[in-house]
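J.: Sequence:
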Amino acid sequence: MERPEPSCKATSWQLISRGVDHQYSLSFGLPDPASLKPDEPTDPIERELLQDVRGSFGPDIGKLCFVDTETTGAYASSDRIIEIALIKFTELSPEKWRLEKYVALVNPEGRKSHPGALRVHKIPDEWLLTAKTFPEQAAEIKSFLGTRRLVAQNAGFDRGFLRNEFRRMGETISNKWFCSRKHFKEFNPHLVSYGLEKVCRHYGITYVAHRAEADALAIIRAFHRSGAIKDRRFRL
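Using numbering that gives the first Met the number 0, you'd call the opening residue of the sequence shown number 0 and step up by one each time.
The set of hints was computed from the structure by calculation and includes no laboratory data.
Backbone N, C-alpha and C fix where the C-beta goes; we use that ideal spot for every residue, glycine too.
Please note: incorrect hints may appear among the correct ones.
[Said to hold, decoys possible] Result set (DSSO-like, lysine-lysine): computed pairs, CA atoms no more than 30 Å apart in a straight line: (1) K141 - K175; (2) K181 - K141; (3) K184 - K62; (4) K62 - K181.
[Claimed, not checked] Cβ-Cβ distance ranges computed for the label pairs, FRET-style: (5) E170 - R148: 35 to 43 Å; (6) T89 - V191: 33 to 41 Å; (7) P188 - P123: 37 to 45 Å; (8) P188 - L128: 20 to 28 Å; (9) G203 - K181: 29 to 37 Å; (10) E185 - P58: 30 to 38 Å; (11) E196 - P114: 19 to 27 Å.
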């Protein structure tokens, strides 16, 4: 996917955006801003997710943080994170929730992306030269995560990379993890594959990107469609 230059953006409607917030393709157009309510997001996906948080997800959504990383390769012991997306819902009142995001490129400190990884995430090494390193972002990442349970489509992969990034600094991360891939496999045993693209197709979600923020949002949307969090079909 051809990607525009990364940009930072923050909006006034109950969305907090930290770091480099990249753009991704959508299967439908943005609404006319004049037709929106003052506090309503312009992004159609985020507008959908914030429409009825408690009714759609249930209160347990406030205990979770959705995670996705893009990396230089497949081995957490030697490869590095080059992009991270963290998304969570914070309850302001039973009727009002805030969607918070930490999305940033990460300088891998000289580690180049393997050709196979580059074909997937399409993040050139040059884009990372001016990004902050993981140690420079670690305090903010840890603060954003808090004590929430971390949800990832392949939790073992993202957990390994985050754990090793903190270990290189002599620190640890103690959050519990939940693998959404295992969940979707348990409750949809008839699917041929449980990759994020196949899961999204099953739930009628158009999935057109393989970048950290788009992937994290796709996981949330799949949970939204499945009703798993609302029905408490897994133990937090």
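J.: If a hint holds in the structure, say so; if it doesn't, say that too.
T.: Consistency of the hints with the structure:
{"no.": "1", "hint": "K141 - K175", "in the structure": "holds, 13 Å"}
{"no.": "2", "hint": "K181 - K141", "in the structure": "holds, 25 Å"}
{"no.": "3", "hint": "K184 - K62", "in the structure": "holds, 22 Å"}
{"no.": "4", "hint": "K62 - K181", "in the structure": "holds, 19 Å"}
{"no.": "5", "hint": "E170 - R148: 35 to 43 Å", "in the structure": "violated, 19 Å"}
{"no.": "6", "hint": "T89 - V191: 33 to 41 Å", "in the structure": "holds, 37 Å"}
{"no.": "7", "hint": "P188 - P123: 37 to 45 Å", "in the structure": "holds, 40 Å"}
{"no.": "8", "hint": "P188 - L128: 20 to 28 Å", "in the structure": "violated, 45 Å"}
{"no.": "9", "hint": "G203 - K181: 29 to 37 Å", "in the structure": "violated, 22 Å"}
{"no.": "10", "hint": "E185 - P58: 30 to 38 Å", "in the structure": "violated, 22 Å"}
{"no.": "11", "hint": "E196 - P114: 19 to 27 Å", "in the structure": "holds, 21 Å"}
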